[in-house]
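Asks: Listed below are the residues making up each chain.
There are 2 protein chains.
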Amino acid sequence: MHKVAIAGYATTKFRRKSETSLFEIACEPCRNILAEYEILKKEIDAVLFSSCSVEQYSSSIISEMLGLSPKISHRIDNLCNSGTNAIACAFSYIASGLCDSALVVGAEKIDTPGRRLTWDITRGEYGLPVHWAGLFAKAHMRKYGTTEEQMAMVSVRNHLKAAKNPDALFGEPITYDEVLNSRQIVPPIKLLDCSSLCTGSSAILLVSDKKARKISENPIWIRGIGQQTNCASFSKVANDLTSIHAAKQASADAYRMAATDPLSIDVVELHDAFTILEILAYEDLHFAKKGEGGKFVNQEEISINPRGGILGCGHPIGATGVAQVAEIAMQLDGNAGLRQVKGCKTGLVHNLAAAGTSATVLILGIDQ
Amino acid sequence: MHKVAIAGYATTKFRRKSETSLFEIACEPCRNILAEYEILKKEIDAVLFSSCSVEQYSSSIISEMLGLSPKISHRIDNLCNSGTNAIACAFSYIASGLCDSALVVGAEKIDTPGRRLTWDITRGEYGLPVHWAGLFAKAHMRKYGTTEEQMAMVSVRNHLKAAKNPDALFGEPITYDEVLNSRQIVPPIKLLDCSSLCTGSSAILLVSDKKARKISENPIWIRGIGQQTNCASFSKVANDLTSIHAAKQASADAYRMAATDPLSIDVVELHDAFTILEILAYEDLHFAKKGEGGKFVNQEEISINPRGGILGCGHPIGATGVAQVAEIAMQLDGNAGLRQVKGCKTGLVHNLAAAGTSATVLILGIDQ
Numbered sequence: 216m217h218k219v220a221i222a223g224y225a226t227t228k229f230r231r232k233s234e235t236s237l238f239e240i241a242c243e244p245c246r247n248i249l250a251e252y253e254i255l256k257k258e259i260d261a262v263l264f265s266s267c268s269v270e271q272y273s274s275s276i277i278s279e280m281l282g283l284s285p286k287i288s289h290r291i292d293n294l295c296n297s298g299t300n301a302i303a304c305a306f307s308y309i310a311s312g313l314c315d316s317a318l319v320v321g322a323e324k325i326d327t328p329g330r331r332l333t334w335d336i337t338r339g340e341y342g343l344p345v346h347w348a349g350l351f352a353k354a355h356m357r358k359y360g361t362t363e364e365q366m367a368m369v370s371v372r373n374h375l376k377a378a379k380n381p382d383a384l385f386g387e388p389i390t391y392d393e394v395l396n397s398r399q400i401v402p403p404i405k406l407l408d409c410s411s412l413c414t415g416s417s418a419i420l421l422v423s424d425k426k427a428r429k430i431s432e433n434p435i436w437i438r439g440i441g442q443q444t445n446c447a448s449f450s451k452v453a454n455d456l457t458s459i460h461a462a463k464q465a466s467a468d469a470y471r472m473a474a475t476d477p478l479s480i481d482v483v484e485l486h487d488a489f490t491i492l493e494i495l496a497y498e499d500l501h502f503a504k505k506g507e508g509g510k511f512v513n514q515e516e517i518s519i520n521p522r523g524g525i526l527g528c529g530h531p532i533g534a535t536g537v538a539q540v541a542e543i544a545m546q547l548d549g550n551a552g553l554r555q556v557k558g559c560k561t562g563l564v565h566n567l568a569a570a571g572t573s574a575t576v577l578i579l580g581i582d583q
Numbered sequence: 216m217h218k219v220a221i222a223g224y225a226t227t228k229f230r231r232k233s234e235t236s237l238f239e240i241a242c243e244p245c246r247n248i249l250a251e252y253e254i255l256k257k258e259i260d261a262v263l264f265s266s267c268s269v270e271q272y273s274s275s276i277i278s279e280m281l282g283l284s285p286k287i288s289h290r291i292d293n294l295c296n297s298g299t300n301a302i303a304c305a306f307s308y309i310a311s312g313l314c315d316s317a318l319v320v321g322a323e324k325i326d327t328p329g330r331r332l333t334w335d336i337t338r339g340e341y342g343l344p345v346h347w348a349g350l351f352a353k354a355h356m357r358k359y360g361t362t363e364e365q366m367a368m369v370s371v372r373n374h375l376k377a378a379k380n381p382d383a384l385f386g387e388p389i390t391y392d393e394v395l396n397s398r399q400i401v402p403p404i405k406l407l408d409c410s411s412l413c414t415g416s417s418a419i420l421l422v423s424d425k426k427a428r429k430i431s432e433n434p435i436w437i438r439g440i441g442q443q444t445n446c447a448s449f450s451k452v453a454n455d456l457t458s459i460h461a462a463k464q465a466s467a468d469a470y471r472m473a474a475t476d477p478l479s480i481d482v483v484e485l486h487d488a489f490t491i492l493e494i495l496a497y498e499d500l501h502f503a504k505k506g507e508g509g510k511f512v513n514q515e516e517i518s519i520n521p522r523g524g525i526l527g528c529g530h531p532i533g534a535t536g537v538a539q540v541a542e543i544a545m546q547l548d549g550n551a552g553l554r555q556v557k558g559c560k561t562g563l564v565h566n567l568a569a570a571g572t573s574a575t576v577l578i579l580g581i582d583q
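Protein chains in written order, with the numbering used here: chain A, 216 to 583; chain B, 216 to 583.
Derived by calculation from the structure, the hints in this document are not laboratory data.
Please note that the accuracy of each hint is not assured.
Since copy identity is lost for identical chains, a pair holds within one copy or between any two.
As the list claims (entries may be wrong) - Keeping only pairs whose Cα atoms sit at most 20 Å apart, straight-line, the calculated SDA-like set for lysine to any residue is:
no.	residue 1	residue 2
1	K451	T235
2	K353	Q583
3	K256	K451
4	K429	M472
5	K257	A453
6	K451	F238
Could you build all of it, start to finish, from the sequences and the hints given here?
Replies: Below, the structure written as structure tokens:
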């Protein structure tokens, strides 16, 4: 297997509405990468587009708009997991030797059809993601004594971090009381326990070992990939609603492939579309012991969601996984400005789709 | 790079309408593969869905319906090229070592949104694929003296072959006069020079070298892959409308990777959505000299489109590329019944999308 590195990354300002076309939004971060890293356009072998939009032949359109003529070009979609799936796909194109460089771009508009989960009739009348978040929260509270206050603290902390991120949807801190007093949506989930769909885009340039060493003295490697799809129906997610089983499997595989462990991780982007998901992820990724995720909220050992997570940054569905990887790459590159995690060498990305029916975990690292 | 083989293939009966859901249609050929080849369900590492539909998290849904829990699962779309893109993607997941087996399924319903090419304003009012087919035909006729009669013969021959294929949309031969006298659509393209959109599905199971040798004494290997995306706009396809330049590039790369040449190819599936495209493909794949594609129509040396091509079988967009590969796999496996090409060892698949803006060429072979 050829080694694969991240040679460029860029994320746009996440915003609510935009009159700009999805394709223009997608091109924004790509143009930044192509300009900043001086990659020759003819060197881009693959363009993969991650989005839940209904546009047709979108990867060809984006390629043309960027002046690229890649060998490989197609769209990938899998709801919130689309971006991380696309990065794993680009990894495999390079690792297999089929190509030497791949541009992955995720973009979404706020009115994306990716919000809909109409197929899963096992959800009954509870079709919105917040309904299953409520079930996970209730199960964890009942079994482990996790509290609404601990969940509120996740939101407070992630909004505080987002306030240092000029690209985040939410630019102001929120208070603990504001979260706890925000409108009940599906008890115990309140409005400020939930992330917001938004418009945005992010791009990553992946390259082969050989190309990486030409571009950078200290390349950012993709060292581990774990992916798992357990089902599509919420009723089949698990008998036990206190874990996301797909994420546990994906993280075990990623740690094994990277030959590392949770203690070696310095910085993490995890999927916090609802506050309870961050608490579950602490446990599923083995940062906290089972049942102790609630108490882990206030820890300071590992830097988690330094950009502000999905709660603070907003959730442009097909772009989210790409933006998570862009954040970890920027951190490892020592290029994260006000929110730089000092001395980080190894980072982890955790992403989910559709009630945790599928999950991806990626481990990135620079040489010591 | 790990070697990759085709361990299973199945295609459904192509039909016009169907009341069945897209997901049920997609599951049909997969169930045949899982039953026939006795692959354990837990051994399927990836499920890739090729379709232009607007359904969300479709690969997870299909996985659940089949009782599969793959590591990797997402949809791939790129108009007519989707299926061949998905197979190249599955190839890379296995060749890179990320997984050992991948089920690729393409499915489409006749009313797919993949028919629309609304973005490309360079087509002016000529938004339908038949308009660009007309331009290619006129250019080739003017420069090389290709005739409407030669194009008609492509349709006659492919419909004759489809009559031996129980899964084809068209089950009856058509006559030369019927084609020439059929309604003019965009001169010189007549109704029977055109393929028909339809409903259908096809699936391929790809496996690693190690797994292939356990299953088969004579595995069908994917030996060469070439892909090229030149643009999205018809106006940028080429200055020269007598070739599909993306296909020329893709075929050169595929021949090189497979270390073979056109003279070694025994059986071909090529993209004949319009009769003129078959003639261009003869030249772009180097079976005929430039300009002599029209005269090549009556040749008998290489077996071309034995299942009846897209003209005879119909065109379920996201399924077409997968069905082309399934046909070549079946031929190399010696399992093609009435339409078996005797003694074939090496086969080629040629697929295009959106006015030849992108192309894929795959070369398959069995050991001699």
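Asks: State for each hint whether it applies.
Replies: We went through each hint and held it up to the structure:
In this assembly of identical chains, the alpha carbons of K451 and T235 never lie at most 20 Å apart, being 39 Å within a copy and 24 Å across copies at closest. For the identical chains of this complex, K353 and Q583 are neighbours neither inside a copy (42 Å) nor across copies (62 Å), given an alpha-carbon limit of 20 Å. In this assembly of identical chains, the alpha carbons of K256 and K451 lie at most 20 Å apart only when taken from different copies (17 Å versus 45 Å within one copy). Proximity of K429 to M472 under the C-alpha cut-off of 20 Å is found in neither arrangement, the shortest distances being 25 Å within a copy and 25 Å between copies.
Proximity of K257 and A453 under a CA criterion of 20 Å is satisfied inter-copy only: 17 Å between copies versus 47 Å inside one chain copy. When the C-alpha separation of K451 and F238 is checked against a cutoff of 20 Å, the pair qualifies only between copies, where the shortest distance is 18 Å, while the shortest distance within a copy is 36 Å.
In summary, the structure is inconsistent with hints 1, 2 and 4 from the numbered list given earlier, while agreeing with the others.
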